[in-house]
Amino acid sequence: MTKTFTCRELGGVCDEKFSGDTFMDIVHKGMPHMMGDQVHKTSIIDMEKRTGENQERWMERMQKEFDAKTED
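For the sequence shown, this note's numbering begins at 230 and goes up steadily by one.
A hint or two may mislead.
Stated by the list, open to error - Straight line, CA to CA, 20 Å or less: simulated EDC-like cross-link-like pairs of lysine to aspartate or glutamate:
| id | residue 1 | residue 2 |
| --- | --- | --- |
| 1 | Lys298 | Glu245 |
| 2 | Lys293 | Glu238 |
| 3 | Lys270 | Glu282 |
| 4 | Lys246 | Asp266 |
| 5 | Lys232 | Asp244 |
| 6 | Lys258 | Glu294 |
| 7 | Lys298 | Glu238 |
| 8 | Lys298 | Asp244 |
Please keep in mind that the hints were generated in silico from the structure rather than gathered at the bench.
Using the sequences and the hints given, assemble the complete structure.
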């Protein structure tokens, strides 16, 4: 049941891909990448300003996107 998201789909700034069997697998794989440099960190920190979503709402939305996404 592996699914893949890009950094950009997760709110980042590039097209690095992260795959996992659950959305939390993808988050755990993506976070070191997304906290790896200042450009990515700034994107994550500013996400609430851009989207109007706090972390909880973002997680809920992304879980729904994961559920709807086709398997690899």
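Given the hinted pair Lys232 and Asp244, is their Cα-Cα distance within 20 Å?
Measuring from Cα to Cα gives roughly 15 Å; hence the hint holds.
Check the hint pairing Lys298 with Glu238 against an upper bound of 20 Å on the C-alpha distance.
holds (12 Å)
Pair hint Lys258 and Glu294, alpha-carbon separation not exceeding 20 Å
The given pair, whose Cα atoms are some 17 Å apart, holds under the 20 Å limit.
Does Asp244 sit within 20 Å of Lys298, going by the straight-line distance between their CA atoms?
holds (17 Å)
CA of Lys246 to CA of Asp266, is that 20 Å or under?
holds (16 Å)
Can you confirm whether the C-alpha distance between Lys293 and Glu238 stays at or below 20 Å?
Distance ~13 Å between Lys293 and Glu238 Cα, so the pair holds.
Keeping to a limit of 20 Å between CA atoms, is the pair of Lys298 and Glu245 held or broken?
holds (17 Å)
Hint consistency between Lys270 and Glu282 [alpha-carbon to alpha-carbon, up to 20 Å]:
With Cα atoms ~17 Å apart, Lys270 and Glu282 stay inside 20 Å; holds.
Violated hints: none; the structure is consistent with every hint.
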